[in-house]
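Protein chains: 2
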Amino acid sequence: MQLTQENYISPDEAEAAFYAAFSHCDKKAMGEVWAEDDVVCIHPGSNVIVGYDAVMRSWTNIFSNAGLPGIAVNVIKRIHDVTLAVHLVEEVIATGENAYVSVLATNVYRKYEHGWFMVGHHSAVVQAATESHTLQ
Amino acid sequence: MQLTQENYISPDEAEAAFYAAFSHCDKKAMGEVWAEDDVVCIHPGSNVIVGYDAVMRSWTNIFSNAGLPGIAVNVIKRIHDVTLAVHLVEEVIATGENAYVSVLATNVYRKYEHGWFMVGHHSAVVQAATESHTLQ
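Those sequence lines, one after another, are chains A and B.
Going left to right, the first sequence walks through residues -12 to 123 as this note's numbering numbers them.
Going left to right, the second sequence walks through residues -12 to 123 as this note's numbering numbers them.
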């Protein structure tokens, strides 16, 4: 496991670092948030990406395609155990002047010897606001 | 917490019950899998649904709109702690003759006094197979 300048002492600290890295398109900071493990990441609409190196490549792609995204984060639910934590988060991402997209993310954190790191990120765009759902 | 005939002794047992209920459009069985708590559920493209009763209404809607869906399940990743477990699962759902949709789900389970129950389900349709991702 990496020894970083920041050894996040809680899932909330790791999450704050994740969204700071995301909103600043900061590859180095993003690399420090994730566990160097068989982590899993799903971007909106994407297939699952497994493993630290592949996940980092995906963020590099995103950062190279995007301007600095304005992101407002609203934590809907936190579930914590001793070494595992799950946060359900709403990300409101600015996509243009007065244009926003609402994304829901399930973020998973594990506690390692040196602190808490992200091990899973599953995000999906909200497309409907009603309670009437079908299978797709 | 409910006392059911089935008190799932592991996250895997609860998950098997969840997909059995899903594939059979069985409201009663679905109701037994979820914790009677402030659970959270996100169907593909939907906003977050919070609370047992609202989540059950959403499954009732789905079951009333669907025929019996053929679902093949492939567990990609299991992360377990003492009282909390996260499974990343691929659901391949038949949508017609020789037509399928690939859905990725992050399923969250908690251990209560009477066994393991589902407390979170976040599912999203896979729309792209490449590693080139953007923010939406």
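It is possible that part of the hints are untrue.
Identical chains blur together in the list; that is why a pair holds if it fits in one copy or across any two.
[Stated by the list, open to error] When the alpha-carbon atoms are kept at most 30 Å apart in a straight line, the in silico BS3-like pairs for lysine-lysine are as follows:
{"hint": "1", "residue 1": "K64", "residue 2": "K98"}
{"hint": "2", "residue 1": "K98", "residue 2": "K14"}
{"hint": "3", "residue 1": "K98", "residue 2": "K15"}
For the record, the hints were derived by calculation from the structure and aren't laboratory data.
Structure-based check of each hint:
1. For the identical chains of this complex, K64 and K98 are neighbours both inside a copy (19 Å) and across copies (17 Å), given an alpha-carbon limit of 30 Å.
2. Taking the shortest Cα distances, K98 and K14 sit within 30 Å of each other inside one copy (22 Å), while across copies they are farther apart (37 Å).
3. For the homomeric pair K98 and K15, the shortest alpha-carbon distance inside one copy (20 Å) is at most 30 Å, but the shortest distance between copies (37 Å) is not.
Going down the numbered hints, you'll see the structure goes against none, and every one checks out.
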